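> Listed here are the chains, written in short residue letters.
2 protein chains.
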Amino acid sequence: MKLYDLKGAPNPRRVKIFLAEKRIKVPIETLDLEAGAHLTPGFLARNPLGKLPVLELDDGTVLCESVAICRYFEEMVPEPPLFGRSTLERAQVEMWNRRMEHELLLPVIDVFVHTHPLWVGRREQIAAWGEAQRKLLVERMRWLDRELEGKEFIGVQRYDMADITAQVALLTARGVARLPIPDDHKNLTRWWASVSKRPTARA
Amino acid sequence: MKLYDLKGAPNPRRVKIFLAEKRIKVPIETLDLEAGAHLTPGFLARNPLGKLPVLELDDGTVLCESVAICRYFEEMVPEPPLFGRSTLERAQVEMWNRRMEHELLLPVIDVFVHTHPLWVGRREQIAAWGEAQRKLLVERMRWLDRELEGKEFIGVQRYDMADITAQVALLTARGVARLPIPDDHKNLTRWWASVSKRPTARA
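Chains F and H are the protein sequences, given in the same order.
Counting from 1, one number per residue, gives the positions in the first sequence under this note's numbering.
Counting from 1, one number per residue, gives the positions in the second sequence under this note's numbering.
None of these hints come from the bench; they were simulated from the model.
Quick caveat, the model's predicted, so the values are computed rather than measured.
Hints may contain errors.
If chains are identical, the list can't say which one is meant, so a pair holds when it fits in one copy or spans any two.
Stated by the list, open to error - Below, simulated DSSO-like cross-link-like pairs (lysine-lysine); rule was C-alpha separation at most 30 Å, straight line:
(1) Lys7 to Lys135
(2) Lys135 to Lys51
(3) Lys16 to Lys2
(4) Lys2 to Lys151
(5) Lys51 to Lys151
(6) Lys151 to Lys186
(7) Lys16 to Lys135
(8) Lys186 to Lys51
Looking at chain F on its own, in the form it has when it is part of the complex (with noise of 0.2 Å):
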């Protein structure tokens, strides 16, 4: 089993602190996108739309999507349950991982790739869709605050899935696209406080 990893990317970043939470060892080989290792033909016979992360398994199968490679494991290993205990918490947390998806980490990733110098060449940057994405990341940081008002965690009560993907969107959006979370957003400061204290926050 190995695990294909892009340097300094949200998504694969997702998988690692997942695995890291889980306490699971996977064998990891770590692509650079500025050398282009995820264009080669080797790559690609993997995953012909070239996106990061790919878990392949020992019979050659591969996995792609960040998701569909943590439920594999949260199968395999149930314990600690990072996608929900019950019918209902199982649908919360999709919920809440996907709007953590749609609301923070997709619109960053807008941000960096319509906005930041490292794409110019790579991809066909469009300025105004970055300032767009931009804005509505500034209103769901507000409306996430609000969300979290009373609550210690994103989807249900424990550290999920949910809590990785807005951990990754938020810690790109301090990095890349220069929008820390503002100091009046008591509640997601708090909650941003405690999930950064947690070991696997460096995985």
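Given chain F, work out where chain H should sit, using these hints.
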């Protein structure tokens, strides 16, 4: 229990096809986007993001996000399985469903929102982004045609959630984005003919 639907919208359509495949009947209230029914205080109390579909359980618990709603019903009514039958299959359906969302459904919704007259004055329209997503969609339809070589269905060897997402995305592409499946995409055309014949295709 009640499902809030949005007239003509692709995401609620996914849930309706899913429920029809499972032969589950749920009372449905259809909101009208043009009347702004998704932005009333009553609806925003259920989902502050103003997005549809929303499932309200009998105890008032609210589930948002199409796939969270579908996963809830998958556990309540396991047959026929629409998210896979084994650990590996469930990971593969998750992977293919996400690919269908990110490579087809999200791009086609962007084309719609950023280029269609219906959205003038409702959302900031960035025409260049709509055009970039249209180009991506054309490329991804070609990619999916190649992936379907020798395959009857998109995910595993059975009609499942990934097929539902692709079906709704391509229906939307043909409709609002004026991008029908090109005739030389033989595999995609064959798959489309097959899924369109299902009695649930008009759900």
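> None of the hints should be skipped; say for each whether it holds.
Status of each hint after checking the structure:
no.	hint	verdict
1	Lys7 to Lys135	both (27 Å within a copy, 28 Å between copies)
2	Lys135 to Lys51	both (26 Å within a copy, 18 Å between copies)
3	Lys16 to Lys2	within (12 Å within a copy, 38 Å between copies)
4	Lys2 to Lys151	between (36 Å within a copy, 26 Å between copies)
5	Lys51 to Lys151	between (34 Å within a copy, 22 Å between copies)
6	Lys151 to Lys186	within (12 Å within a copy, 51 Å between copies)
7	Lys16 to Lys135	within (29 Å within a copy, 33 Å between copies)
8	Lys186 to Lys51	between (35 Å within a copy, 26 Å between copies)
Checked against the numbered hints listed earlier, the structure breaks none of them; every hint is satisfied.
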